[in-house]
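A.B. asks: Sequence:
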Amino acid sequence: MFLRPQTHTISSLTDCLLKFVLFSSNLLFTALGLATLGLGLWGLFNKESFTQEKLDSIGTDPMLLFVFLGLVLSLLCLTGCVGAVRENCCLLRTFSVVLLFLVAAQVLAAIVAYSLQGQITNLLRTGMLNAMVRYQDDLDLRFITDEIQTGLQCCGADNYRDWQINSYFNCSAPGIQACSVPPSCCVDPLENGTVWNSQCGVGAQLLDEFSAQSVIFLGGCLGSISRWIEQHSGLIGTVAIVLLGVQLIMLIVATRLLDNIQWNRTQAQQRMARS
Numbered sequence: 026m027f028l029r030p031q032t033h034t035i036s037s038l039t040d041c042l043l044k045f046v047l048f049s050s051n052l053l054f055t056a057l058g059l060a061t062l063g064l065g066l067w068g069l070f071n072k073e074s075f076t077q078e079k080l081d082s083i084g085t086d087p088m089l090l091f092v093f094l095g096l097v098l099s100l101l102c103l104t105g106c107v108g109a110v111r112e113n114c115c116l117l118r119t120f121s122v123v124l125l126f127l128v129a130a131q132v133l134a135a136i137v138a139y140s141l142q143g144q145i146t147n148l149l150r151t152g153m154l155n156a157m158v159r160y161q162d163d164l165d166l167r168f169i170t171d172e173i174q175t176g177l178q179c180c181g182a183d184n185y186r187d188w189q190i191n192s193y194f195n196c197s198a199p200g201i202q203a204c205s206v207p208p209s210c211c212v213d214p215l216e217n218g219t220v221w222n223s224q225c226g227v228g229a230q231l232l233d234e235f236s237a238q239s240v241i242f243l244g245g246c247l248g249s250i251s252r253w254i255e256q257h258s259g260l261i262g263t264v265a266i267v268l269l270g271v272q273l274i275m276l277i278v279a280t281r282l283l284d285n286i287q288w289n290r291t292q293a294q295q296r297m298a299r300s
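Its first residue numbered 26, the sequence shown is counted upward by one per residue in my numbering.
Treat the hints loosely; a few may be bogus.
[To be verified] Derived DEER-like restraints, expressed as beta-carbon distance ranges:
1. Gly228 to Leu127: 48 to 56 Å
2. Cys196 to Leu273: 50 to 58 Å
3. Pro87 to Val122: 23 to 31 Å
4. Gln224 to Ala130: 44 to 52 Å
5. Ile266 to Cys196: 44 to 52 Å
6. Ser258 to Ala293: 50 to 58 Å
7. Pro199 to Glu255: 22 to 30 Å
8. Ala138 to Val212: 26 to 34 Å
9. Val212 to Val264: 29 to 37 Å
10. Ala129 to Ile201: 36 to 44 Å
11. Gln161 to Val122: 24 to 32 Å
12. Glu255 to Leu231: 30 to 38 Å
13. Leu268 to Ala298: 39 to 47 Å
In short, the hints are calculated from the structure, not lab data. Bear in mind the structure is a predicted one, so any value in this text is a computation, not a measurement. Even for Gly, the Cβ is constructed at its ideal location relative to N, Cα and C.
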């Protein structure tokens with residue numbers, strides 16, 4: 026005859042606090058994950074990325090990163106939420122193992138990034154050059170490139186002449202955009218007005234550096250990114266340590282809660298056997 030296992034509530038104040046901390050923190054991150062997932066799906070559907078003619082290039086769509094991160098984060102944290110509320114050892118064990126793997130992966134990624142800075146710079150250069158090639162054809166890459174160039178006041182990967190790589194901005198291209206750069210390269214794209222002047226970078230590649238510096242940013246974005254990281258290294262390190270600390274605390278809380286649940290159930294089974 027089989028006895029149906031009974032769920033035993035954790036009565037001590039400490040254990041109740043552990044459940045509350047694990048549930049509330051995971052609920053918050055679940056909401057964040059669902060919001061990220063929703064943003065990614067909205068971007069894909071808004072651009073009609075699932076239409077037949079766009080399915081071939083969907084693998085390089087930046088919105089897929091939001092979908093992937095949102096899905097992983099929401100599923101993981103939902104597992105922690107349900108595991109804490111239901112005192113489900115299987116879910117809590119799964120949550121702890123996956124979280125431990127993610128923490129180890131982040132630490133390993135930080136070590137690799139620090140030791141392979143040169144290779145990462147080359148990857149960034151390759152990525153930015155590819156984005157520049159597809160500037161007119163991909164709205165996401167255009168938006169990201171414009172935001173980087175405007176925010177960091179830069180133009181191109183290494184300098185403004187890198188825009189020769191784009192078939193529309195190449196000097197041998199037909200049309201008014203030949204030998205030009207995007208308006209996000211311009212020093213004053215509004216030209217003291219309120220409307221973005223899309224022609225402010227026309228013919229900029231034909232200018233020498235002395236003449237061009239009053240019209241566009243001459244420096245490349247890779248150098249600007251490196252300087253930005255150096256200037257904000259303290260803040261970046263603090264945020265990374267805080268996020269890693271939060272994950273470690275959640276891992277410790279989940280492990281402690283799992284141990285307490287198993288201990289309480291063992292004690293209950295022993296009392297049942299004695300009676």
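A.B. asks: Taking the hints in turn, state whether each one holds.
C.D. replies: Here is how each hint holds up against the structure:
Distance hint check for Gly228 and Leu127: the Cβ-Cβ separation is about 50 Å, which falls inside the suggested range of 48 to 56 Å. In this structure the hint that Cys196 and Leu273 lie 50 to 58 Å apart at CB holds, the actual value being about 54 Å. At about 30 Å, the beta-carbon gap between Pro87 and Val122 stays in the expected band of 23 to 31 Å. Here the CB-CB span from Gln224 to Ala130 is close to 47 Å, well matched to the stated 44 to 52 Å.
With their beta carbons about 48 Å apart, Ile266 and Cys196 fall inside the hinted range of 44 to 52 Å. Distance hint for Ser258 and Ala293: a CB-CB separation of about 52 Å, consistent with the stated range 50 to 58 Å. Checking the proposed 22 to 30 Å range against Pro199 and Glu255 shows it is violated: the Cβ atoms sit about 42 Å from each other. The supplied range of 26 to 34 Å is met by Ala138 and Val212, whose beta-carbon atoms lie about 33 Å from each other.
At roughly 31 Å, the beta carbons of Val212 and Val264 sit within the given window of 29 to 37 Å. The hinted range of 36 to 44 Å is not satisfied by Ala129 and Ile201, whose Cβ atoms lie roughly 53 Å apart. Evaluation of the 24 to 32 Å hint for Gln161 and Val122 yields a failure: the beta carbon distance comes to about 46 Å. Checked against the given bound of 30 to 38 Å, the beta carbons of Glu255 and Leu231, roughly 34 Å apart, stay inside it.
Distance hint check: the CB atoms of Leu268 and Ala298 are about 45 Å apart, consistent with the given range 39 to 47 Å.
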